[in-house]
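Read top to bottom, the protein sequences are chains A and B.
All letters in the first sequence, in the order written, are residues 2 to 170 by the working numbering.
All letters in the second sequence, in the order written, are residues 47 to 354 by the working numbering.
Bear in mind the hints are in silico, worked out from the structure with no lab data behind them.
Be careful, since some hints might not be right.
The calculated label-pair distances, taken between Cβ atoms and stated as ranges, are [claimed, not checked]:
(1) Ala79/B / Pro113/A: 30 to 40 Å
(2) Arg80/B / Ser149/A: 14 to 24 Å
(3) Pro74/B / Ser129/A: 25 to 35 Å
(4) Arg73/A / Met104/B: 22 to 32 Å
(5) Arg80/B / Pro113/A: 29 to 39 Å
(6) Thr131/A / Thr83/B: 33 to 43 Å
(7) Lys55/A / Met104/B: 41 to 51 Å
(8) Lys55/A / His84/B: 17 to 27 Å
(9) Pro113/A / Ala103/B: 50 to 60 Å
(10) Ala79/B / Gln157/A: 32 to 42 Å
(11) Arg69/A / Gly113/B: 49 to 59 Å
(12) Val41/A / Phe100/B: 21 to 31 Å
Only part of the chain A face toward chain B is listed, based on derived beta-carbon distances under 7 Å [said to hold, decoys possible]:
(13) Val23
(14) Val44
(15) Ser102
Here are the simulated EDC-like cross-link-like pairs (lysine to aspartate or glutamate), alpha carbons at most 16 Å apart as the crow flies [unchecked claim]:
(16) Lys55/A / Asp13/A
(17) Lys156/A / Asp323/B
(18) Lys82/B / Glu100/A
(19) Lys67/B / Glu126/A
(20) Lys82/B / Asp38/A
(21) Lys62/A / Glu132/A
(22) Lys45/A / Asp5/A
(23) Lys302/B / Asp323/B
(24) Lys82/B / Asp8/A
(25) Lys153/A / Asp62/B
(26) Lys82/B / Glu33/A
(27) Lys55/A / Glu100/A
(28) Lys67/B / Glu100/A
(29) Lys82/B / Glu99/A
(30) Lys302/B / Glu342/B
(31) Lys75/A / Asp38/A
(32) Lys62/A / Asp38/A
(33) Lys156/A / Asp58/B
(34) Lys156/A / Asp62/B
(35) Lys82/B / Asp13/A
(36) Lys67/B / Glu99/A
(37) Lys55/A / Glu158/A
(38) Lys62/A / Asp3/A
(39) Lys153/A / Glu63/B
(40) Lys45/A / Glu99/A
Everything numeric in this text was worked out from a predicted model, so none of it was measured.
Just so you know, even glycine gets a beta-carbon here, dropped at the ideal spot from N, CA and C.
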Amino acid sequence: VDRDSFDRLLLDHLAAAQRFAVRLSGDAQSAEDLLHDAIVRAVKNFSSFRGQSKFTTWLFKIIINCFRQRLRRKPMSLMGEGQVDARTMDPTSASDAEELSRIVAQRISSLPPRQREVLVLIVYERMSITETSQVLGIANQTVRTSLSLARKRLKQELAIYLNAGIRGK
Amino acid sequence: VENNFDNLDPADQSLDELLGKARWPELPPEAGARLKTHILSMRSSRHSRRAIGFFAAMAASLLLAIGLAYLLVRRAITSNQNASVTVAATPALPFGEEPQGGDAGVAATGSQADKALPGRAPTVYEAWYLAQPPNHPIAVAKAAPVAELKEAQPADRYKNADSPALVFAFARESDESTRQAIFQSLLSRPDGMDHVLDLILNSSTRERTLASLHALPQPPTNQLLAKLDSPSMARRFAAAKALGSLCRGQTLPTLKEMITRDNHRREALAVLGQCQDSAAVAYVHELQHQPAVASEMAAVRNEMKQLF
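Can you build the whole structure from these sequences, using the hints too?
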């Protein structure tokens, strides 16, 4: 892939990369910083993309690496600032769908990094176990385990909404 | 198939529904624009880096070419100088002797093109350099220093020589005009007269020295009279010999006064004894009637005979 084609690919997939970065980092500002680093690294190593995999797979791998690097430099708290602890909320007060959507997103972005990566890639980026394992560079079984742990944790943290939903049905 | 979650319990289905409702904050449009600008700026900076690299390569090539040209020119100049030095050193002629054949130097330079050079074979540039026709500026430049030496005047040749070198050249020089030029150069030196007197004292150079003195348009009579007061007795008598051979009438009053006042009388008598001028001869006859002076004159004549 020559440089011009690569730039076009990058611009075409910029929106998807933005969504992925926001889901990983949890807020817009961190997502922009993360994407900035990822773009620099992607441009620097554009020759390593040979078109053997999907461009998103290659680009997400770089974003994941940058994300991990940023976590190492400045570890994020599992519960970010301004985030609401769903366990302390009154379920009846969260009846508003928009508020619930925000709370669920916050809980996902507060998961441990590995679980968060697996969950975002599988649930929101619609990747298979194999693709996820390629992006993250881990075994398929590790992907399954991480996914299971993530779901278990979310079930506990969002239990009041789950119970309300089940009862509603 | 891989993501087969059919065996999930109702709680899992509810969780999936909840996860589907998750909404993250959208990146503002400005952020997207900033990222696009960032991508494009990296592209332009890459182009500018490529341009800088291009110009740096051009500059390096230019510097390399200049350096190469400098080395070639320097090499050519050095080889030219070496050739001139060889030609100048080859004749090894006696001092002041003209080279046999006026074009000897030029011929030697030109003949180098015909002779096989010792050592390595000439480079292409050296072969071209030696093969220039005689009227080519390079060939003219090669011959120039030799031509200047050939046309140099004899007087210019001895302009910067010291007195001993001039004495040596005067003694060796066979050409009369050159010898006269050397003699004049010698007399212009501060210690030149002492060397001239030494040449007179030397029997092998006496005649040619006196001849050169006579050939001078303005003989140094006053300098010779002053040398009658030299601390060296031999030089005093050599000056007397020279003055006597010149025998100019205008020195007679001075000599008479010296004898009358007994001021360097012996030297004055020595001068008069050598002089063949009629006035001087008459004065000597007159002095011979004075017994004291006559005996002194005889003693001086004996001393002069011993010296010359």
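Results of checking the hints against the structure:
As the Cβ distance of alanine 79/B to proline 113/A is approximately 33 Å, the hint placing it in 30 to 40 Å holds. Checking the proposed 14 to 24 Å range against arginine 80/B and serine 149/A shows it is violated: the Cβ atoms sit about 38 Å from each other. Checking the proposed 25 to 35 Å range against proline 74/B and serine 129/A shows it holds: the Cβ atoms sit about 32 Å from each other. For arginine 73/A and methionine 104/B, the hinted distance range of 22 to 32 Å is not satisfied, since their beta carbons lie about 44 Å from each other.
Distance hint for arginine 80/B and proline 113/A: a CB-CB separation of about 30 Å, consistent with the stated range 29 to 39 Å. For threonine 131/A paired with threonine 83/B, a C-beta distance near 36 Å keeps the hint of 33 to 43 Å intact. For lysine 55/A and methionine 104/B, the Cβ-Cβ distance of about 42 Å falls inside the hinted range of 41 to 51 Å, so the restraint holds. The hinted range of 17 to 27 Å is satisfied by lysine 55/A and histidine 84/B, whose Cβ atoms lie roughly 23 Å apart.
The hint said 50 to 60 Å for the Cβ distance between proline 113/A and alanine 103/B, and at roughly 52 Å that hint holds. Checked against the hint of 32 to 42 Å, the pair alanine 79/B and glutamine 157/A passes, with Cβ atoms roughly 40 Å apart. One distance hint, 49 to 59 Å for the beta-carbon pair arginine 69/A and glycine 113/B, holds here, with the actual separation near 52 Å. A beta carbon spacing of about 24 Å between valine 41/A and phenylalanine 100/B agrees with the range 21 to 31 Å that was offered as a hint.
Against a cut-off of 7 Å between C-beta atoms, the interface hint on valine 23/A holds, since the closest Cβ of chain B lies about 5 Å away. Restraint check, valine 44/A versus chain B: the minimum CB separation of about 5 Å is within 7 Å; hint holds. Given the 7 Å rule on beta carbons, the hint for serine 102/A holds: about 4 Å separates it from the nearest Cβ of chain B. Between lysine 55/A and aspartate 13/A the alpha-carbon distance is near 13 Å, which keeps this suggested pair within the 16 Å criterion.
Distance hint between lysine 156/A and aspartate 323/B is unfulfilled; the C-alpha atoms sit about 152 Å from each other, more than 16 Å. Distance hint between lysine 82/B and glutamate 100/A is unfulfilled; the C-alpha atoms sit about 31 Å from each other, more than 16 Å. The hinted pair formed by lysine 67/B and glutamate 126/A meets the criterion: a straight-line CA distance of about 15 Å does not exceed 16 Å. Restraint check: the Cα-Cα separation between lysine 82/B and aspartate 38/A comes to about 13 Å, which is no more than 16 Å; the hinted pair holds.
Restraint check for lysine 62/A and glutamate 132/A: satisfied, since their Cα atoms lie roughly 10 Å apart, inside the 16 Å limit. For the proposed pair lysine 45/A and aspartate 5/A, the alpha carbon gap of about 14 Å is at most 16 Å, so the pair holds. Annotation: proposed proximity of lysine 302/B to aspartate 323/B holds, straight-line Cα distance about 14 Å (limit 16 Å). Straight-line distance between C-alpha atoms of lysine 82/B and aspartate 8/A comes to about 10 Å, which keeps the hinted pair within the 16 Å bound.
Pair hint lysine 153/A plus aspartate 62/B holds up; C-alpha atoms about 12 Å apart against a cutoff of 16 Å. With a C-alpha separation of about 12 Å, the suggested pairing of lysine 82/B with glutamate 33/A holds against the 16 Å cut-off. Of the pairs offered as hints, the one joining lysine 55/A and glutamate 100/A is violated, with about 35 Å between alpha carbons and a cut-off of 16 Å exceeded. Between lysine 67/B and glutamate 100/A the CA atoms are separated by roughly 10 Å; this keeps the pair inside 16 Å, and the hint holds.
With a C-alpha separation of about 30 Å, the suggested pairing of lysine 82/B with glutamate 99/A is violated against the 16 Å cut-off. As the CA atoms of lysine 302/B and glutamate 342/B are separated by approximately 15 Å, the hinted pair is consistent with the 16 Å bound. At roughly 14 Å between alpha-carbon atoms, lysine 75/A and aspartate 38/A fall within 16 Å of each other, so this suggested pair holds. Distance check on the hinted pair: lysine 62/A and aspartate 38/A sit about 13 Å apart at the alpha-carbon level, within 16 Å; holds.
Restraint check: the Cα-Cα separation between lysine 156/A and aspartate 58/B comes to about 8 Å, which is no more than 16 Å; the hinted pair holds. Of the pairs offered as hints, the one joining lysine 156/A and aspartate 62/B holds, with about 10 Å between alpha carbons and a cut-off of 16 Å not exceeded. In summary, the hint linking lysine 82/B to aspartate 13/A is supported, as the alpha carbons are separated by about 10 Å, within the 16 Å threshold. Among the hinted pairs, lysine 67/B with glutamate 99/A is consistent with the structure: their alpha-carbon atoms are about 9 Å apart, no more than 16 Å.
Proximity of lysine 55/A to glutamate 158/A is assessed by CA-CA distance (about 34 Å); at most 16 Å being required, the pair is judged violated. Proximity of lysine 62/A to aspartate 3/A is assessed by CA-CA distance (about 20 Å); at most 16 Å being required, the pair is judged violated. Of the pairs offered as hints, the one joining lysine 153/A and glutamate 63/B holds, with about 15 Å between alpha carbons and a cut-off of 16 Å not exceeded. About 40 Å separates the Cα atoms of lysine 45/A and glutamate 99/A, which puts this hinted pair outside 16 Å; it is violated.
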